[in-house]
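Visitor: Chain by chain, the residues run as shown.
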Amino acid sequence: MSRIFKMASLAVFCRFPAKSHSLAPAFVRFAGYWNKDWKPGPYPKTQKEREAAANKYGLRVEDYEPYADDGDGYGDYPKLPLVSEEARDQYEDYDMPSSKRNFGEPLNVDFDMVGEERMNYNYKPMVPYWMQFSILFGIVGIAFYSQFAYADRPFFLPVMPKSYPYKYENGQIIKETHYTFETAD
Amino acid sequence: MGVGYVYSHYRSPEDQRPNFFKPPTFDSQYGFVQGRKEREMVATQQEMEDANLPMRQRDYCAHHLIALMKCYHDRLPWLPPCEHLKHHYDDCQHDDWLIRMREFEREKRLLQRAKRKKEKESLEKDIGE
Chain A
1 MSRIFKMASL AVFCRFPAKS HSLAPAFVRF AGYWNKDWKP GPYPKTQKER
51 EAAANKYGLR VEDYEPYADD GDGYGDYPKL PLVSEEARDQ YEDYDMPSSK
101 RNFGEPLNVD FDMVGEERMN YNYKPMVPYW MQFSILFGIV GIAFYSQFAY
151 ADRPFFLPVM PKSYPYKYEN GQIIKETHYT FETAD
Chain B
1001 MGVGYVYSHY RSPEDQRPNF FKPPTFDSQY GFVQGRKERE MVATQQEMED
1051 ANLPMRQRDY CAHHLIALMK CYHDRLPWLP PCEHLKHHYD DCQHDDWLIR
1101 MREFEREKRL LQRAKRKKEK ESLEKDIGE
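Quick mapping for you: the protein sequence lines, in order, are chains A and B. For the first sequence, counting from 1, position 166 maps to 166 in the working numbering; every step adds exactly one. For the working numbering, add 1000 to where a residue sits in the second sequence, where the first one is 1.
Treat the hints loosely; a few may be bogus.
Distance ranges between label pairs, derived from CB positions [claimed, not checked]:
1. A:Gly138 <-> B:Asp1091: 41 to 47 Å
2. B:Thr1025 <-> A:Met131: 49 to 55 Å
3. B:Gln1034 <-> A:Pro154: 49 to 55 Å
4. B:Pro1077 <-> A:Ser98: 50 to 56 Å
Non-contacting residues of chain B with respect to chain A, defined by C-beta distances greater than 12 Å in every case (computed) [unchecked claim]:
5. Gln1034
6. Arg1039
7. Met1041
8. Met1069
9. Gln1112
10. Glu1129
No farther apart than 25 Å at their CA atoms in a straight line, the calculated lysine-lysine pairs in the DSS-like style are these [said to hold, decoys possible]:
11. A:Lys45 <-> A:Lys100
12. A:Lys167 <-> B:Lys1117
13. A:Lys56 <-> A:Lys36
14. B:Lys1108 <-> B:Lys1037
15. A:Lys36 <-> A:Lys79
16. B:Lys1037 <-> A:Lys175
17. A:Lys56 <-> A:Lys45
18. B:Lys1022 <-> A:Lys162
19. A:Lys39 <-> A:Lys100
20. A:Lys100 <-> A:Lys162
21. B:Lys1086 <-> B:Lys1108
22. A:Lys167 <-> A:Lys124
23. B:Lys1022 <-> A:Lys167
24. A:Lys162 <-> B:Lys1108
25. B:Lys1022 <-> B:Lys1117
26. A:Lys162 <-> B:Lys1037
27. A:Lys162 <-> B:Lys1117
28. B:Lys1115 <-> B:Lys1125
29. A:Lys175 <-> B:Lys1125
30. A:Lys100 <-> A:Lys79
31. A:Lys162 <-> A:Lys175
Calculated directly from the structure, the hints in this document are not laboratory data. All C-beta atoms, glycine included, are put in the ideal place defined by N, C-alpha and C.
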């Protein structure tokens, strides 16, 4: 068990199916430990081979579907839906609750990528992405447009410019007179 | 302060809006029978120069600012004893702001009055003819 967890924690995050000729399938790369007994068998050609492979992986024959044998395939490893561990039911009674998995359950080829603290392809935000972007660009667009359309009518505070006692101009210091709103004595 | 004044400013005719980028256009003593009191400058040029005040701070409140900065310089890092000097400076700035507001309002009303006078003159001229 601990070996599996160590393997999962060191695995890479993206798919790297090695290109090879069709008879030798590509292997799933883990940056930890690999055993030759874990290598999938060759791509099944006959119906009997398909049944045997489905049996091996614990699937029904009608559910079993291997990856296409075009040099990027995985031999007879089945094609399973990529469900993130985060998206799985958290209240179900699993055999291994920490990884949300039952004994003998077949794993997707990239199961290490969709662990609990890793990627989640089944994530659906409460506010859909198109609405998020339309609201963002709508508000930002209005602000952007307003800068140019209303540049001749800026916001202001209703005050006249500040009056200074001295004016500095051409190297000269000129005294200016300003008045308050009180009556002269 | 609301935004209503901005809206009414831009809704009013163009010749009745004060230009808040330039000083007032009307004569300062116009309409004041007893005259207006002059603003007095307390800090001298030499004092302001010695205190290294930037140009924007060489206004009618500079003497308060110089005293305040001297207090800060003497009393760092415990600054509460300088609070009363800061209060004097802030009061002076507030009064300056109020004067600016009143200048704006005066400018606006004088512009409206000028418009009314012009209309009345043209009306009387038409009637006279």
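Visitor: Please verify whether Lys1022 of chain B and Lys167 of chain A have alpha carbons no more than 25 Å apart.
Guide: OK: Lys1022 of chain B and Lys167 of chain A at ~15 Å, within 25 Å.
Visitor: Holds or violated: Lys162 of chain A and Lys1037 of chain B, Cα atoms, limit 25 Å.
Guide: holds, 17 Å
Visitor: With 50 to 56 Å as the target window, see if Pro1077 of chain B and Ser98 of chain A comply at their CB atoms.
Guide: holds, 55 Å
Visitor: At 12 Å, judged by beta carbons, does Glu1129 of chain B keep clear of chain A as stated?
Guide: holds, 40 Å
Visitor: Holds or violated: Lys45 of chain A with Lys100 of chain A, Cα cutoff 25 Å?
Guide: violated, 34 Å
Visitor: Quickly compare the C-alpha distance for Lys1022 of chain B and Lys162 of chain A to 25 Å and report which way the hint goes.
Guide: Measuring from Cα to Cα gives roughly 10 Å; hence the hint holds.
Visitor: Taking C-beta pairs only, is Gln1034 of chain B more than 12 Å away from all of chain A?
Guide: Non-interface label on Gln1034 of chain B violated, nearest chain A Cβ at 5 Å vs cutoff 12 Å.
Visitor: Quickly compare the C-alpha distance for Lys39 of chain A and Lys100 of chain A to 25 Å and report which way the hint goes.
Guide: Holds, at roughly 24 Å.
Visitor: Tell me if the straight-line CA distance from Lys167 of chain A to Lys1117 of chain B falls inside 25 Å.
Guide: Outside the cut-off at roughly 35 Å; violated.
Visitor: Holds or violated: are the alpha carbons of Lys1115 of chain B and Lys1125 of chain B at most 25 Å from each other?
Guide: holds, 15 Å
Visitor: Looking only at beta-carbon atoms, does the pair Gln1034 of chain B, Pro154 of chain A fall within the given range of 49 to 55 Å?
Guide: Between Gln1034 of chain B and Pro154 of chain A, where Cβ atoms are some 38 Å apart, the hint is violated.
Visitor: Need the status of pair Lys1108 of chain B, Lys1037 of chain B: alpha-carbon distance at most 25 Å?
Guide: Within the cut-off at roughly 21 Å; holds.
Taken one by one, the earlier hints fail for this structure at numbers 3, 5, 6, 7, 11, 12, 20, 21, 22, 27, 29, listed in ascending order.
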